[in-house]
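Could you build all of it, start to finish, from the sequences and the hints given here?
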Amino acid sequence: MYFGSVRFFKNMILLAVIICIAIPTSFSIHYHNELQCAKEDIQRLTEEIEQQNNESTNGEAPYYQSLYPDFYAPQNYGATESAEKTMYLTFDDGPSDRTDEILDLLAKEQVKATFFVIGNTDEAAKDRMRRIVAEGHTLGMHSYTHNYEKIYASVEAYLDDMYQIFSLIKDTTGQTPSVFRFPGGSINGYNAGIYKELVAEMIRRGFVPYDWNVSSQDASSNDMTSAQIINAVVNGAENTSRGFVLFHDSQYKNSTVKALGEIIEDLRKMGFQFQAVSPTTKPTLFAYRFQ
0 MYFGSVRFFK NMILLAVIIC IAIPTSFSIH YHNELQCAKE DIQRLTEEIE
50 QQNNESTNGE APYYQSLYPD FYAPQNYGAT ESAEKTMYLT FDDGPSDRTD
100 EILDLLAKEQ VKATFFVIGN TDEAAKDRMR RIVAEGHTLG MHSYTHNYEK
150 IYASVEAYLD DMYQIFSLIK DTTGQTPSVF RFPGGSINGY NAGIYKELVA
200 EMIRRGFVPY DWNVSSQDAS SNDMTSAQII NAVVNGAENT SRGFVLFHDS
250 QYKNSTVKAL GEIIEDLRKM GFQFQAVSPT TKPTLFAYRF Q
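When we follow numbering that gives the first Met the number 0, the leftmost residue of the sequence shown carries the number 0, and every step to the right adds one.
Since no wrong hints were added, every one of them can be taken at face value.
In silico lysine-lysine, BS3-like type, Cα no more than 25 Å apart, as pairs:
(1) K149 x K169
(2) K281 x K84
(3) K149 x K125
(4) K111 x K84
(5) K268 x K107
(6) K257 x K268
(7) K107 x K257
(8) K281 x K195
(9) K111 x K169
(10) K107 x K84
(11) K125 x K169
(12) K125 x K107
(13) K111 x K257
(14) K268 x K84
(15) K268 x K111
(16) K125 x K111
(17) K281 x K111
(18) K169 x K281
(19) K149 x K195
Just so you know, the hints here were simulated from the structure itself, not pulled from any lab data.
No experiment lies behind these values; they were computed from the predicted model shown.
Have a look at this one:
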């Protein structure tokens with residue numbers, strides 16, 4: 000009888016071997032073909048995107064790159080230094096009546112900080128800019144008008160505004176600014192359509208942008224208490240080993256000044272040192288959405 004014979008079992012073993020070889024082979028061929036098709040699709044899409052880019056620019060640089068030929072940082076972009084357990088105290092929107100108080104406290108605590116200033120052109124403001132530089136702090140650009148709708152109307156409008164604050168700092172202090180902070184941060188509700196172009200163009204010109212990863216929350220209200228500001232900074236610092244702290248240096252930020260000494264003390268107890276940002280300091284930037 001064939002069933003149950005030695006020949007039967009030999010044939011069954013042979014059939015099993017053939018099946019074991021055939022199935023993986025067919026799957027391999029199938030997925031290889033799919034992979035090849037996927038590679039071809041990616042290549043085709045890449046070529047289409049490159050073609051669209053070339054057609055949209057005709058192979059030429061955007062017009063705004065030709066604006067303000069002297070609006071360049073004194074160095075190429077090379078912000079790679081990253082010091083652990085370091086806090087960078089940053090102050091936006093000054094100079095103001097609070098600036099001298101902040102500088103006095105920083106001098107007492109032997110802390111260097113960073114001031115992102117706006118277009119205050121009175122002589123008192125200019126004296127404070129010069130004092131910031133003279134005492135070894137970093138003076139950076141924030142904006143000239145601080146008018147979000149005007150600044151973010153276009154890439155050209157942004158460059159126009161920033162060129163004004165660039166010129167004001169340079170003419171006032173004799174120092175060419177290298178660092179800056181976008182009003183509202185690098186991504187906000189006003190620049191959603193152009194933020195990638197803005198960041199790319201400023202970096203192309205050598206300027207280093209700084210967002211923040213620790214906020215004092217002092218922008219939310221002039222009624223913030225010093226205790227609330229202290230808690231906001233200390234709680235934020237617990238979640239990072241390298242923090243860029245957002246404060247504001249405008250006229251009504253009295254609670255910020257009152258909180259600053261205790262904040263420095265608390266951060267030191269947490270093991271942090273303090274530095275001012277420089278063009279070599281690796282920045283923190285808000286998460287980008289490239290879709």
